[in-house]
Every structure is written in structure tokens, then in C-alpha cells.
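In UniProt numbering, the protein residues as written are 1 to 337.
Just so you know, these hints were derived from the structure itself, not from any lab. All C-beta atoms in this analysis are idealised placements derived from N, C-alpha and C, irrespective of residue type, glycine included. Treat the hints with care, since some could be wrong.
Unchecked claim - Listed next, the in silico BS3-like pairs over lysine-lysine satisfying Cα-Cα at most 27 Å (straight line): (1) 164 - 30; (2) 295 - 277; (3) 295 - 329; (4) 85 - 30; (5) 109 - 126; (6) 129 - 109; (7) 330 - 277; (8) 295 - 218; (9) 126 - 164.
What the hints assert, rightly or not - Quick list of the computed label-pair ranges, beta carbon to beta carbon: (10) 59 - 22: 41 to 49 Å; (11) 168 - 129: 43 to 51 Å; (12) 133 - 243: 22 to 30 Å; (13) 101 - 129: 36 to 44 Å; (14) 63 - 142: 40 to 48 Å; (15) 133 - 337: 43 to 51 Å; (16) 251 - 307: 34 to 42 Å; (17) 198 - 13: 22 to 30 Å; (18) 129 - 274: 14 to 22 Å; (19) 195 - 320: 18 to 26 Å; (20) 109 - 227: 50 to 58 Å; (21) 134 - 307: 25 to 33 Å.
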Amino acid sequence: MTVDSSVYALPYLETPLVPSLYLSEQTGSKVLLKLELCQPSGSFKSRGLGNLVYRTVSSAPPGSVFHFFSPSGGNAGCATAYASKLYNQKCTVCVPSTTNPVMVERIRKTGANVVVHGQSIADAEKHIKEVLMPLSEEPAVFCHPYNNDLVWEGNSTMAHEIVKQFSGRGRPDAVVCSVGGGGMYNGIVQGFEHYGWTDVPIVAVETEGCATLSASIKSGGKQIRVERPNTIATSLSTVDVTTQTIDYAMNQHPTYSTVVSDAEAAEACLRFAGDHKLMIEAACGTALAPLYTGKLQEILPDLGPDSVVVVIVCGGTSVSRQILEDYAKKFNLDIPF
């Protein structure tokens with residue numbers, strides 16, 4: 001099978017942009033949800049990592065086989081595995097020993113070879129580069145979860161869709177997204193720049209245990225590392241953000257960096273499940289937390305009843321009813337479902 005002949009030519013889908021009556025009432029503005037949890041892999045990672053795999057395979061002679069290597073404890077690995085399987089490519093995902101066993105099994109079922117090594121994503125990345133890739137019989141391709149131009153290009157398609165979905169309705173007054181390593185944010189900025197939406201502010205949300213963008217901005221632009229991220233939003237647990245993210249946020253695109261607590265992210269997950277009957281992981285709840293807490297209005301006080309806010313519901317499969325109930329118990333929160 002070649003990419004061009006496949007009926008599934010792309011490893012990601014156009015996702016819905018739907019109004020949220022609950023969050024609109026909560027914020028006093030018109031809130032639209034970009035439902036990235038509808039992607040084949042369960043998260044927006046299908047765009048970036050999927051694009052990396054797609055571009056590699058489609059630019060090679062028909063019948064070429066590559067071996068894609070992903071250091072991931074979750075969503076990036078799922079997305080890489082899905083795209084690799086779609087194009088009949090080989091895939092190995094190296095996960096740290098701290099990875100949820102349910103997630104390990106999910107990645108394995110997607111078709112990837114799973115190797116467990118080390119205590120962190122950094123350990124997994126080192127093992128891939130030093131041990132696994134040199135042993136590959138096929139051309140080996142390293143798939144960084146967020147710091148790669150092709151990943152940003154893939155993520156920019158989310159912004160392209162938002163522009164199309166707003167056709168004839170102007171522009172949003174704000175876009176809210178969570179930030180880990182900055183791959184999604186970079187893609188959104190690039191996509192908006194392509195269409196001249198350089199004045200649409202982005203609210204970039206992190207959790208307290210891995211707020212590297214916020215710290216980097218406060219440092220005057222120095223890339224700040226958090227050697228041991230500590231947050232329930234494990235999908236955001238990167239040691240730093242890309243230097244491109246810092247530059248975009250400080251110099252090129254109107255960006256409001258804000259930080260929420262783990263408890264606020266957890267409460268957003270629970271309330272979103274109650275409001276919309278959709279389960280999301282804490283990394284996704286991070287983006288929704290400023291809307292539920294009222295922090296969004298503090299950041300953008302000019303938002304009013306006619307203002308339109310887009311929230312990226314980035315998805316992620318590291319969630320279950322039990323996990324949400326555990327959040328409620330840990331942070332003494334109500335279970336609204």
C-alpha cells in the first residue's frame with residue numbers, strides 16, 4: 001500500500017467546532033469547543049506526529065518501509081503507532097516504567113512494538129537514540145513528540161480548520177490551549193499567521209508543576225528547564241518548551257501565559273464530564289480550567305456577551321471513570337455524573 005493509493009490519505013481528521021452552552025453561561029461569552037478528542041488516536045497528536053510519518057512515507061519511493069521510533073508515555077506514542085500502522089510502516093514506542101499499564105497496552109494494540117525503559121521520557125529518548133535505532137534494519141526515523149517542524153506543520157492544520165469554520169463570521173476574540181512542550185501552540189501560531197490572523201490572542205495554559213513557558217517568559221526569554229515535572233497532567237510533563245514557543249509568545253504573537261493548579265485542572269475534567277458527558281485527561285482540563293475558575297475574564301477583561309472564545313479540547317486517552325473519581329477524592333471535589 002502506498003500513501004497515494006490509500007483511502008485514508010491523511011492520518012488525522014477535520015474535527016468539529018461546537019458551541020458549549022454550559023461554558024458560555026459560565027464565562028458570559030460565546031464559547032466554541034474544538035473537539036480534538038475525535039482524532040483517530042484520541043488526541044491532537046494525530047496531526048503533528050501523523051504528519052511526520054505521512055511526509056516521510058509520501059516523499060519516499062512507493063513500497064519504502066521505515067522504522068519510526070517514539071519516546072512517549074502516551075498520546076504521542078499512540079499517534080505515531082496509528083499513523084505507522086495506517087501506512088504499513090514499523091513503529092517502536094519506548095515508554096518509561098512510570099507509564100500507566102493501560103496506556104502501554106493501548107499503544108501495543110495500535111500495532112507498535114513497546115519497549116519499557118527508564119524513569120522518564122528523557123531516559124526513553126536516550127535509549128532510542130543510543131540502543132534501539134542503531135539496531136533497526138530499516139531506515140530509522142526519530143519522532144520527537146513536539147520539537148519538530150513537521151509536527152508543527154501538522155498541528156497548524158487545526159488552525160486552518162478554525163479559519164475555515166469561521167468563514168463569514170469574522171475571527172475569534174481568543175483561543176485557549178494547554179501547553180506542554182509547545183508543539184500545539186507553535187502549530188496554531190503558524191496556521192493563524194498563514195491566514196493573517198496575527199491579532200487573535202492565544203491564552204497558553206500550563207499547570208504549576210511544569211510551567212516552563214511561564215517561567216521562561218518571566219526570565220526575559222531564557223529557556224527554563226524543570227528537571228522533575230510534578231503534575232497530574234502527565235501529557236504536559238516536559239522539561240522545557242521549545243525556543244520557538246518562547247519567541248512566538250514574547251515577540252511574534254499576542255499571547256497570555258497563565259498557570260493553573262492540579263486541583264483546578266482536575267475540577268475542570270470533572271465539570272466538563274458532567275456538562276458535556278465527555279471524559280478528558282488532566283492535560284485537556286488544563287485548557288478548560290481558566291473558563292471554569294473565572295481566570296479567563298481576569299486575563300481578558302474586555303470579553304463580553306458577543307465575544308467568541310475557542311477552546312482546544314486537545315483530547316488524550318489517559319483517562320477513565322476511575323481516574324476522574326480518584327481526582328475527586330484527592331482534591332475533595334464533587335463528582336457531577
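Results of checking the hints against the structure:
1. 164 - 30: 18 Å, holds
2. 295 - 277: 23 Å, holds
3. 295 - 329: Roughly 24 Å between the alpha carbons, so the hint for residue 295 and residue 329 holds.
4. 85 - 30: 39 Å, violated
5. 109 - 126: 24 Å, holds
6. 129 - 109: Satisfied, since the Cα-Cα distance of roughly 24 Å is no more than 27 Å.
7. 330 - 277: 21 Å, holds
8. 295 - 218: 19 Å, holds
9. 126 - 164: 40 Å, violated
10. 59 - 22: 41 to 49 Å: For residue 59 and residue 22 the Cβ distance comes to about 44 Å; the hint holds.
11. 168 - 129: 43 to 51 Å: Holds, since residue 168 and residue 129 (Cβ atoms, about 48 Å apart) stay within the stated range.
12. 133 - 243: 22 to 30 Å: For residue 133 and residue 243 the Cβ distance comes to about 25 Å; the hint holds.
13. 101 - 129: 36 to 44 Å: 25 Å, violated
14. 63 - 142: 40 to 48 Å: Taking Cβ atoms as reference, residue 63 and residue 142 lie about 22 Å apart, which means the hint is violated.
15. 133 - 337: 43 to 51 Å: At 44 Å between Cβs, range holds.
16. 251 - 307: 34 to 42 Å: 26 Å, violated
17. 198 - 13: 22 to 30 Å: 27 Å, holds
18. 129 - 274: 14 to 22 Å: 44 Å, violated
19. 195 - 320: 18 to 26 Å: 38 Å, violated
20. 109 - 227: 50 to 58 Å: Hint violated: Cβ distance 33 Å, outside 50 to 58 Å.
21. 134 - 307: 25 to 33 Å: Roughly 54 Å apart at Cβ, these two residues miss the hinted range, so it is violated.
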